[in-house]
Structure formats: structure tokens, C-alpha cells
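Colleague: Sequences are here, hints too, so could you generate the full structure?
There are 2 protein chains.
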Amino acid sequence: MGGDQGPAAVVAGIALSAEINPDIAFLLHGPRDTLEPLVEQRKALAGRVEIRDAEGVVSMDDKPADVLRKRKDSSMWSALESVRTGEATVCVSCGNTGALMLLSVVRLKKLPGIYRPAIAVLWPSRNSQGFNVMLDGGADIKADERDLLQYALMGASYARNGFNVRRPRVGLLNVGTEEFKGRSEMKAANDLIAQNANAADFDYVGFVEGSDLPSDRVDVIVTDGFTGNVALKTGEGTASLIGQLLREAFAHSLLSRLASLLAYTSLKRLSKRIDPRRQNGGVFLGLNGTVVKSHGSADATGISAAVKLAFQLAQSNFSEKLAARVAAATMLASDELDHGDDDKDPQAKDAETSSNTGNGRDKSA
Amino acid sequence: MGGDQGPAAVVAGIALSAEINPDIAFLLHGPRDTLEPLVEQRKALAGRVEIRDAEGVVSMDDKPADVLRKRKDSSMWSALESVRTGEATVCVSCGNTGALMLLSVVRLKKLPGIYRPAIAVLWPSRNSQGFNVMLDGGADIKADERDLLQYALMGASYARNGFNVRRPRVGLLNVGTEEFKGRSEMKAANDLIAQNANAADFDYVGFVEGSDLPSDRVDVIVTDGFTGNVALKTGEGTASLIGQLLREAFAHSLLSRLASLLAYTSLKRLSKRIDPRRQNGGVFLGLNGTVVKSHGSADATGISAAVKLAFQLAQSNFSEKLAARVAAATMLASDELDHGDDDKDPQAKDAETSSNTGNGRDKSA
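If you're matching them up, the sequences are chains A and B in order.
Per full-length UniProt numbering, the first sequence starts with residue 1, numbered consecutively.
Per full-length UniProt numbering, the second sequence starts with residue 1, numbered consecutively.
No lab work stands behind these hints, which were simulated from the structure alone.
Each hint should be verified, as a subset may be incorrect.
Sample of chain A residues with no beta-carbon within 10 Å of chain B, all distances over it, derived [unchecked claim]:
{"hint": "1", "residue": "12"}
{"hint": "2", "residue": "16"}
{"hint": "3", "residue": "327"}
As a list, the in silico DSS-like pairs of lysine-lysine whose alpha-carbon atoms are at most 30 Å apart [said to hold, decoys possible]:
{"hint": "4", "chain 1": "A", "residue 1": "272", "chain 2": "B", "residue 2": "268"}
{"hint": "5", "chain 1": "A", "residue 1": "272", "chain 2": "B", "residue 2": "272"}
{"hint": "6", "chain 1": "B", "residue 1": "110", "chain 2": "B", "residue 2": "321"}
{"hint": "7", "chain 1": "A", "residue 1": "268", "chain 2": "B", "residue 2": "272"}
Quick caveat: nothing in here was measured; it's all calculated off a predicted structure.
Ideal Cβ placement from N, Cα and C applies to all residues, glycine included.
Modeller: Pasting the structure below:
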């Protein structure tokens with residue numbers, strides 16, 4: 001109910017998905033009086049939608065903490081509840097991100113060993129799968145080296161189960177590949193992820209830069225939620241500016257308008273490739289259950305893309321596989337962290353760090 | 001000497017500038033044997049270039065600290081020395097950024113009151129001037145609220161003197177405009193910049209997001225160098241991906257190739273608008289003297305754009321005006337910080353913060 005385009009867009013979106021995919025069924029949460037007429041208009045949805053009456057609506061302006069206290073009657077609450085009880089396999093929402101994340105954490109609970117859940121977003125890229133996974137896209141504004149390791153594990157698992165990337169390549173977002181650049185927690189995370197890559201079945205490519213987000217050097221890019229959110233919005237803003245300028249360039253003269261007619265299918269193909277609506281869906285990772293956050297402004301195409309992603313994740317038993325992967329890795333990681341935190345023998349620790357980076361000086365840089 | 005395309009591109013670039021601008025003259029630093037034949041080939045440079053013989057070259061792989069110790073004979077060192085002694089008004093370099101920044105700080109020294117110098121970069125935008133100023137683009141990986149205030153002051157001064165924006169609009173980069181988001185140092189910086197905006201002659205628009213970097217909501221965007229560098233590289237990477245996909249789309253069929261011929265001038269116009277070579281030049285702010293850092297891969301067009309920017313800054317007496325502005329504001333700011341740091345009366349401090357943000361709860365958020 002809380003998306004910018006209201007429930008009509010949501011119903012149109014699930015109708016699109018229902019037409020394409022005969023194996024999908026929906027629990028639709030919101031005021032029955034509003035939803036029933038919308039569903040009845042769509043033939044594709046006949047017999048495949050169960051409405052869960054919920055009067056309350058979480059708006060984009062609601063503060064997350066208020067939602068938790070006052071919106072137990074909301075469609076968002078009801079949708080998460082259906083995942084919690086196991087009735088639904090995945091929840092899709094295009095409502096208020098902050099509220100959805102807080103409600104998800106409180107109601108679904110974090111996986112054992114996860115301190116900060118993350119939002120994994122898809123980034124159009126030169127990869128064979130057509131995009132990279134980046135996390136955290138803004139669930140939390142901070143992340144220490146343990147969180148960044150968990151993001152690497154969860155992102156790799158997501159790429160494997162959601163998109164069939166057998167051995168994902170993981171990179172850590174930094175300001176430069178030179179050893180002397182970057183924050184100290186980056187160096188710690190770099191070592192920690194490198195140590196865990198083999199056991200967790202991914203390739204660690206080391207530090208990557210912002211320019212690698214759309215590249216084919218990696219499949220998964222790990223960063224804190226502050227940096228990730230700025231990068232995400234920057235990429236969206238840049239793409240949108242170029243799109244506007246392109247339209248203006250083609251509207252400039254009679255000749256260019258003619259050219260744009262001829263180029264119509266080419267431009268359509270390009271716009272399909274980078275259309276954010278077609279890669280719509282941030283996935284909340286690190287919870288007992290899967291939540292797909294669709295863009296707030298998603299139209300029917302966008303909703304349908306988010307539903308498609310949700311279906312793929314449900315089919316691959318992603319939630320269970322991720323939980324198992326995190327459980328195994330958390331044990332491994334805490335073994336190594338216990339060792340790393342052991343200050344009884346700082347020389348040994350120094351030596352370990354030096355041998356990992358190949359340069360003892362980096363520690364102080 | 002240290003650019004990716006070597007000294008021939010630099011000489012070609014300054015020749016371009018010399019042709020357009022009769023008021024410009026050059027001190028060219030590097031091995032005389034290499035430079036003299038290159039200069040002699042260019043008619044436009046006759047009588048306008050003085051070569052300063054310097055044998056050493058700083059490479060892109062040199063670590064900044066090593067450069068400081070071992071490269072006193074380098075062209076980079078010699079170029080900065082000519083600014084330090086006042087022979088040159090502005091230094092332009094397309095060499096190793098880290099080394100150039102460190103050498104600049106050590107040789108030119110920071111302005112009194114500046115703790116972290118910054119690199120200001122230009123960002124194509126919907127503004128009437130065609131771009132926004134963003135800083136820090138990567139001089140330092142951290143910034144506290146005092147640094148961010150100084151970035152605001154310096155960025156506003158740069159926009160005013162470099163690009164004739166009379167009363168620049170300044171924004172602080174954050175993950176969201178909602179009060180409950182963002183890091184705690186962001187809230188402190190938000191208050192501090194708001195308090196100083198009027199005295200420093202700029203409009204403070206508050207928090208902005210990554211999507212505002214190419215927007216016309218602001219003229220100057222302030223952030224720490226880690227976030228700024230990731231955003232910069234992300235924007236460049238996204239623009240470059242779209243450019244590649246656009247070329248591929250037009251090469252796809254006979255019809256689309258024909259369309260691209262017809263659209264040639266339109267696409268040329270667009271590419272000129274967002275061509276990074278035409279807005280080439282990060283400016284080091286906060287030093288005794290102005291240094292323009294051109295892109296390492298700059299060709300003649302890029303070098304010429306950087307020289308044009310350097311010329312504009314020299315003409316407007318930017319260095320002197322910036323120093324005066326920082327000196328005045330540093331006094332103001334330290335007055336207010338002294339007050340803010342005074343914990344004898346925390347109630348009064350609380351009340352002050354509340355009245356600024358309109359919400360006392362934000363302090364703990």
C-alpha cells in the first residue's frame with residue numbers, strides 16, 4: 001500500500017507476473033475494500049490471489065520507530081507476518097525502506113551471528129549476468145570488518161543462489177588499489193575476507209574502486225551502507241542525467257528527430273538494458289526470511305521485476321542456504337577473529353598481518 | 001612528465017591553450033632534451049614557453065612518501081617550486097595524485113587554520129554553469145565537522161571566483177534527508193555549516209543525496225574524501241558504461257548505423273556536454289597557492305581544459321581571496337566551536353542544538 005503509485009500499480013505488476021509464470025501465487029496485504037475491485041479487474045489473477053485485510057498504511061514519511069509502535073494493523077506488518085509464519089516464502093514491498101528494514105529485523109529477527117543485516121542491490125554491469133550485486137545499499141550507516149566479511153559471505157551466497165554465479169568474485173570498495181590508501185578498517189576487512197574466501201567458496205579480488213561497480217571485474221561488491229547508498233544514488237542520478245541529455249540532444253533539430261526515429265529500436269534496447277525498473281529489487285540479507293524491497297516509485301514493470309526476483313529466490317531455497325552458509329562461516333570467522341584479537345603475542349599478530357599484505361609498513365599507513 | 005600520455009600530450013595541450021588565449025605563458029618543467037624539440041614543433045608556443053630543466057620523473061606507481069625523499073629533481077617538484085617562489089601563478093599537473101598532494105602540502109604549506117586540504121572536482125549537472133563543485137574528491141580519507149565546514153567555505157569561494165556563482169548553494173552529502181538517517185558527525189557538520197553560511201556568503205541547502213550530485217539543487221557538494229572519491233569514480237564508471245552501451249546499440253544493425261550517422265551532431269553535442277576531458281581539473285584547496293590536478297589520462301583537449309581553469313583562477317586572484325575567506329571564517333568558526341565545545345553548560349548547548357534542528361531527539365539519533 002505504501003508505494004508512490006499506490007495499490008493499482010502493485011496489482012498491475014503481480015498480474016504481469018501471473019501471466020508469465022503459472023507457478024506463482026500471491027498473498028496480497030491491504031484494505032480488502034480497496035484491493036478486491038483491483039484484483040477482480042485482472043483475469044490473470046483469478047484464483048491466484050488471497051487478500052489479507054489490513055487497514056493501516058505505512059507512509060514514506062513515517063519514522064521507522066513510530067511504525068513499530070503504531071502500525072501493527074498495516075499491510076507492511078501483515079506481509080512480514082506471513083513470511084514469519086511461513087505462509088509466504090518471500091515478502092515484496094515498495095514501501096518506506098527504513099520502516100521495512102526495522103520491522104523486518106524486529107519481526108523476522110537476524111540470523112544467528114549476524115550483527116548488521118544489509119540491503120543487496122543490483123548494478124547494471126558488463127558481466128555476463130548483466131549486473132553486479134552491491135551491498136550494503138543503505139540498511140546501516142556503519143560497518144566494521146566483521147560486518148564487511150558477513151556482507152561478502154551473504155553477497156556471494158545471493159549471487160550463487162539468485163543468479164547461478166557458481167564461484168562469485170568478491171571485491172571490497174575502497175578509494176584506491178594502492179596499499180597506502182584507504183581507511184584502517186578497510187585493511188582489516190581486506191585481510192579477513194581474503195582469509196575466508198576459500199572456505200566460503202568465492203574468489204576474493206581485493207580492493208575495487210567506484211569505477212568497478214559497473215565493470216566485469218567482480219560479481220559482488222562489499223561496502224558500508226553509507227558509502228553504498230551514496231554510490232547507488234550517484235549512479236542513478238548520473239544515468240538519469242545522461243538519459244535526459246540524450247533526449248534533449250535528439251529533440252534538437254529536425255534531422256536529429258529523424259535520427260531518433262531510425263534509432264528507436266537501438267535506443268529501446270539500450271534503455272531496456274539499463275532500465276532500473278527491470279532490475280528492481282533490493283534484497284534484505286541476514287534475516288530469518290527473505291524480503292525484496294522494490295523501488296518506491298516502481299510501476300507495474302518494476303513490481304513484476306521484483307516479484308520475479310522473489311520467485312527465483314524462493315525456488316532456490318535461498319533463505320535456508322544463506323542461513324547455513326552464514327552459520328558455517330560465522331564459526332570459521334570467529335575462530336580467526338579470536339586469534340586476531342589475541343593480544344598476548346602482538347609480535348605474532350604483526351607477523352601474520354605482514355605476511356598477508358606483503359608489506360609490514362601498511363599497518364601504520 | 002608523469003601523465004599517462006607523456007610530455008607530447010602536455011605540449012599539444014598547452015599549444016591549444018596558447019592559440020586560444022594570447023594572455024597566457026608557460027613554465028614547462030622536465031628534461032630539456034625531451035621538451036625542447038616538442039615545443040619547437042608548435043608555432044603557437046614560440047616565445048611563450050620557458051623550459052625548466054628537471055631530470056627526474058614521478059611515476060604513477062611511486063609512493064608519495066618515497067617521492068618526497070627521492071624526487072627533488074623531478075618535474076613535479078620543480079613545478080610546485082615555481083608556485084612557491086611566486087614565479088608561476090598556478091601549477092597544472094597530470095601526474096600521480098597522491099604524490100602531488102603530499103608534495104603540495106609539504107612545499108606550499110596549508111593555509112593557516114586548515115587541517116585537511118581538499119580536492120575540488122567538477123561534476124556535470126543541470127546547473128546553469130553546467131556542473132557542480134564537489135569536494136573532497138579524495139585528498140584525505142576522513143573529515144570531521146570542522147573539516148566539512150572548511151570544505152563548504154572553500155568550495156563556495158571556488159565556485160564564486162572560478163565560475164562567477166555569486167551566492168553559491170552548498171549541500172552536505174548524506175544518505176537521506178530524513179533526520180533519523182546519517183552519521184553523527186553529519187549532524188554536527190550540518191549545524192556548523194548552517195551557522196556559518198550567512199557570514200561566508202553562501203546559501204546552505206542542508207543534506208543532499210548522491211542523486212543530487214548531477215542536479216541543479218546545489219552548486220557545491222561537501223563530503224569526506226572517501227565518500228567523494230567513491231562517488232566520483234562511480235559517476236565516471238556509470239557514464240562510461242552507458243557510453244559503451246550506446247555505441248553498441250548503434251552498431252547493432254544497418255538501420256541503427258544509419259541512424260547514428262544522422263544523429264552524429266546530436267551525439268557529438270551530448271558527448272561534448274559530458275566529456276570528462278572538457279571539465280578536466282581537480283583543484284587542490286587549502287594551500288598557499290593553487291594546484292590544478294588534471295586527469296592522468298588527459299590528452300591535449302584535457303590538458304587544455306585544465307590550463308583554462310588554471311588561467312581563470314589566476315585571473316581572479318583566487319588564491320588570495322580564498323586565503324582571506326578562510327582566515328575570516330576560521331576565526332568565526334573557532335569562536336563558535338569554542339562555545340560548542342564548552343561543556344560547562346550542557347543544557348544551553350542542548351537548547352542551541354534543538355533550536356537549530358527543530359528536534360531535540362536528533363542529537364541521540
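Colleague: Give a verdict on every hint.
Modeller: Comparing the hints with the structure gives:
The claim that residue 12/A lies off the interface holds: its Cβ sits roughly 26 Å from the closest Cβ of chain B, which is beyond the 10 Å cut-off. No Cβ of chain B approaches the Cβ of residue 16/A within 10 Å, the least distance being about 25 Å, so the stated non-interface status holds. The non-interface label for residue 327/A is consistent with chain B: the shortest C-beta to C-beta separation is roughly 30 Å, beyond 10 Å. In summary, the hint linking residue 272/A to residue 268/B is supported, as the alpha carbons are separated by about 23 Å, within the 30 Å threshold.
Annotation: proposed proximity of residue 272/A to residue 272/B holds, straight-line Cα distance about 25 Å (limit 30 Å). Annotation: proposed proximity of residue 110/B to residue 321/B holds, straight-line Cα distance about 15 Å (limit 30 Å). Taking the CA atoms of residue 268/A and residue 272/B, the gap is near 23 Å; set against the 30 Å cutoff, the hint holds.
Violated hints are absent here; each numbered hint is respected by the structure.
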